[in-house]
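> These are the residues of each chain, in order.
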Amino acid sequence: MTVDVGICSTAHVNAEVYAALLSKLPSADLVGISGRNAERTRRYANSVGTAAMSHAELMRATDGVLVCSPTAIHGELIDLALQHDVAILCEKPLATSLTEAKSIRDRCEEQGAVAKMAMPIRYSRPMQRLKERYESGAVGDLLAVSGVNRGRMPGGWFVDPKLAGGGAVADHTDHIVDIVRWITGEEVTEVYAETDTRFYDIPVEDVNVLSMTLSNGASFLLDGSWSTPQKNPFWGDAEVDLVGSEATLSADCFGYRYSHVRDIGHDTHNESIYWGADPNNALLRAFVASIRGESTLAASFDDAVRTAAVIAAAYESVERGEPVDVTY
Amino acid sequence: MQRIVAVGSETAVRKHVERYRRFDDATVCGVVDADREPCVDEGVGFDDIDVPRYHSLSEVLQTTDGDVDGVDICGPGAAFVDALETALAVSTPVRCDPPVAFDAETFDRLVTASTESEGWILSHSPHRFSRMYERLHSAVESGGIGPIGVARIERAAPFDGPGWNVSYDGVSVVEGPVRTLCAVLAHDVDVLEWTFGPVERVFVRARAGGRYDHAHAVFAFRDGGRATVGTRWHRAETPAPRIGVEYSGKHGRLDFSEDDASTALREGSTPLAVDPPEDDCRGRALRAFIDRLGGSERPPTDVAPVTSSRVVVAARRSADENRPVTLAEESP
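Protein sequence lines correspond, in order, to chains S and Z.
Using our numbering, the letters of the first sequence map in sequence onto residues 60 to 387.
Using our numbering, the letters of the second sequence map in sequence onto residues -18 to 313.
What the hints contain is simulated information worked out from the structure, not anything from laboratory work.
There's no promise every hint is true.
[Claimed, not checked] Have a look at the derived ranges for each label pair, beta carbon to beta carbon:
| # | chain 1 | residue 1 | chain 2 | residue 2 | range |
| --- | --- | --- | --- | --- | --- |
| 1 | S | 113 | Z | 127 | 42 to 50 angstroms |
| 2 | S | 184 | Z | 37 | 52 to 60 angstroms |
| 3 | S | 325 | Z | 302 | 35 to 43 angstroms |
Ideal Cβ placement from N, Cα and C applies to all residues, glycine included.
Using the sequences and the hints given, assemble the complete structure.
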């Protein structure tokens, strides 16, 4: 039996990716795509053979929705989903502020809703093996963590501080903080942040370097800048090194790549293509499973609140020019 | 013919003596064995170096009646402050690796001593003399990637040769891992400042334990841009890759990893040196020292470069006090 799902808003760059994957997922029926921009919504919907509709129509037609709107709109769409008792898979970050993230989490918990975060890296096989190795004790005592999650600057609403809650810090802190928390069971306790706007003429930061401390005392360095050149053959990266008393383990989420050099036309000439198991596909399968009441690895809204707390601490650190404690 | 005294641990001195031998205009007139924990990784004794061996630089100066043109400290100056001060006291120029000091007091004392002396200190990282870094530097300088946004360096080994981790073990036993790791950071700071201008602010965290030590630093440059340097050092095994460097600017990105260099010539899985010793990065650093000794001009400052060591002093303070340190606070 299939589950009816829909994509709520086409504003996020991942909406198109999710639409393509959901349209092929045997366990799901992509019943529609909703959005305020009717033309873009229709175009997206047509490209995968589904219906374009309003948000309210979509909520009435589905068992679960992927919320792919600008971050500032998440709360409004999640409330609509709660009114219709629809399961939620929300793009990160959950909200533009820690206070709003907590409020959304609490509203969902009160209603007992199925509410998960779109954290595909938890479904990355290298990351899953890293977790297994870490839990087996292979690393020993964790001394330090190093991570990167750089990417191309996405533009659009992502660089509007009111809609996105910030720039590269808001966009590219979540994944690696979430995966390190998930793998190690440790929380981020302190953040020192260096940010700047160096690559683009935009009103938000595109440099995002965080030096953190974990609850066991390990240090944690993360570069989440929008520093990947627009013409880079691959969009970005997601890597984690765990340095321990016994060993260092490294995982590269998108390490499986081959290159494609095109020698015709005027489009992109050189592209790297990921050929490993697709974490987005596994994320969507898990969301469908969670609608059915099956347990999954998915990140909860409480996980999202914890990464939102790290993001808030990072911005506070920039303002104060010193390391700050993370308040959850 | 420039008469050089080489001061340092056995392994480092042997490498430098090998290079000086290939220069026509230099000779090593004495070596000062500063080994605290003798290294045996190469299986060859120190005595096979056909050069008089001494216990201190003072002993060399006494024995040779001061007939020494330059002192080459084969390692970070900070590990051999006595030799630095002895050389400056008799107005003899010194070459060493950065940093020249780990604390502000020693740093200020050395800067003062060099100012008052006819001697001077050259403390560039040998990385500056590698062809790889030269190409990166010139690419940035010519505007190849535009203004820097983020530079990122990952380093699991500071120097050439497969025995590096053995020497780290020896040094870290005496100096402590945080100080040793800051000595490693000094090389990257030197190259970063050379390429992107002065560092304005630094924040460092360091951890030590078990077989691994780790430190990371976050830098803000005075002209904008940020950099991270992450080091991890295993006591017994060589992590791979040993080095990764990436400079991302407004108009593009430059990067290299150890794989770029180690694939040039291999024997099985072991990379082999391609450059002859006198023309590798260390050989070229020594060549620059000899040329400076033979020239009529002093370096542009009495300690050159002076700022990379200042940044390391600030880095130590940041690690100790868990706060960012702005370099203006570190001015001598």
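> If a hint holds in the structure, say so; if it does not, say that too.
Verification of the supplied hints:
| no. | hint | verdict |
| --- | --- | --- |
| 1 | 113(S) - 127(Z): 42 to 50 angstroms | holds, 44 angstroms |
| 2 | 184(S) - 37(Z): 52 to 60 angstroms | holds, 59 angstroms |
| 3 | 325(S) - 302(Z): 35 to 43 angstroms | violated, 56 angstroms |
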